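Use the sequences and the hints to build the structure in full.
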Amino acid sequence: MIDLDLTDPLAGVSPLQAPGVTLMVAGLGPLTLILPFRGKEDAVGAALGAELPAPGRSVQDGDRRITWFGKEAWLVSGAAVEADLSGLAAVTDQSDGWVAATLDGPAAREVLARLTPLDLRPTAFPVGAAARSELGHMPAAFIRTGEDRFAVMTFRSMAGTFWHELADAVRGVAARRGG
Amino acid sequence: MRLPCPICGERDRREFYYKGHALALNRPDPDADDAEWDDYVHLRDNPAGRTRDLWYHSAGCGAWIVVDRDTVTHEVFGATLAEDAEARDAAG
Ligand SMILES: [Zn+2]
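One line per chain: the protein sequences are A and B, in this order.
To convert, note that position 103 of the first sequence is 103 in the numbering used here; the numbers rise steadily by one, no gaps.
Adding 1000 to a residue's 1-based position in the second sequence gives its number in the numbering used here.
In short, the hints are calculated from the structure, not lab data.
Bear in mind the structure is a predicted one, so any value in this text is a computation, not a measurement.
Each residue gets a CB set at the ideal place from its N, CA and C atoms; glycine is no exception.
Careful: at least some of the hints might be erroneous.
A few chain B residues facing chain A, derived, Cβ under 7 Å [unchecked claim]:
hint	residue
1	P1006
2	I1007
3	D1012
4	E1036
5	A1059
6	G1060
7	C1061
8	G1062
Written as structure tokens, this is what we have:
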């Protein structure tokens, strides 16, 4: 069998600290995409021991986070899915398919406002909100994990551009804030 | 322009892929005559005014939606999931 090396798509990148915001690589742990078969959402939720969050929502439960991830799709992160979902859903391990970053601080929203058309005001995107959208021209997912804290994900193949765009926006916002 | 995705809410136009008029949902019978198929595949009106278009929320939730809008004023009146619009059309 061929032995493949496990490599980190953002290896060598260091956290970027600026006035008002810190940009960090986020380790999301195992990622499992779950597409329940028609009418099986409740059964999938029961098997997972959790209710599948409504569209636009993400729920943290211990190590595990369940995030609405598109039409009839949910992403389980932070913990492997042990439940047997055969006959209930299409399940794929996407752990190596994504990269993620965390933006933390009162200027986090300002940074993202430069990169995505999402309305991220607290009224439209409160803590626990999740969305698929774009970051620059890249498909991306967004979760508000705290008042001033966002997790952002994109495909692994775009890791370099992803980090470049985020770091650039952090520096731009910092400069405007007199950093 | 912002489009009201029935699943995601109001979203920026750049998240969507444009397909064309929603008559694409009204597929003729397989044994319909050539003229009907020609009309379905190739012929489109170019309305100045109200129209129903198919859009794909490609960067968002991945739903196909039918958007009711005005090509002159750019007013958007609403949107439905294409699967619901299709079911409604099938029910007559
Ligand atoms: Zn949508």
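Verification of the hints:
1. P1006: violated (10 Å)
2. I1007: Hint on B/I1007: holds, closest Cβ of chain A at ~5 Å, below 7 Å.
3. D1012: holds (3 Å)
4. E1036: violated (32 Å)
5. A1059: Interface hint status for B/A1059: holds (5 Å vs cutoff 7 Å).
6. G1060: With a closest approach of 5 Å, the B/G1060 hint holds.
7. C1061: Nearest chain A Cβ about 4 Å off; hint holds.
8. G1062: holds (5 Å)
The structure shown violates the earlier hints numbered 1, 4.
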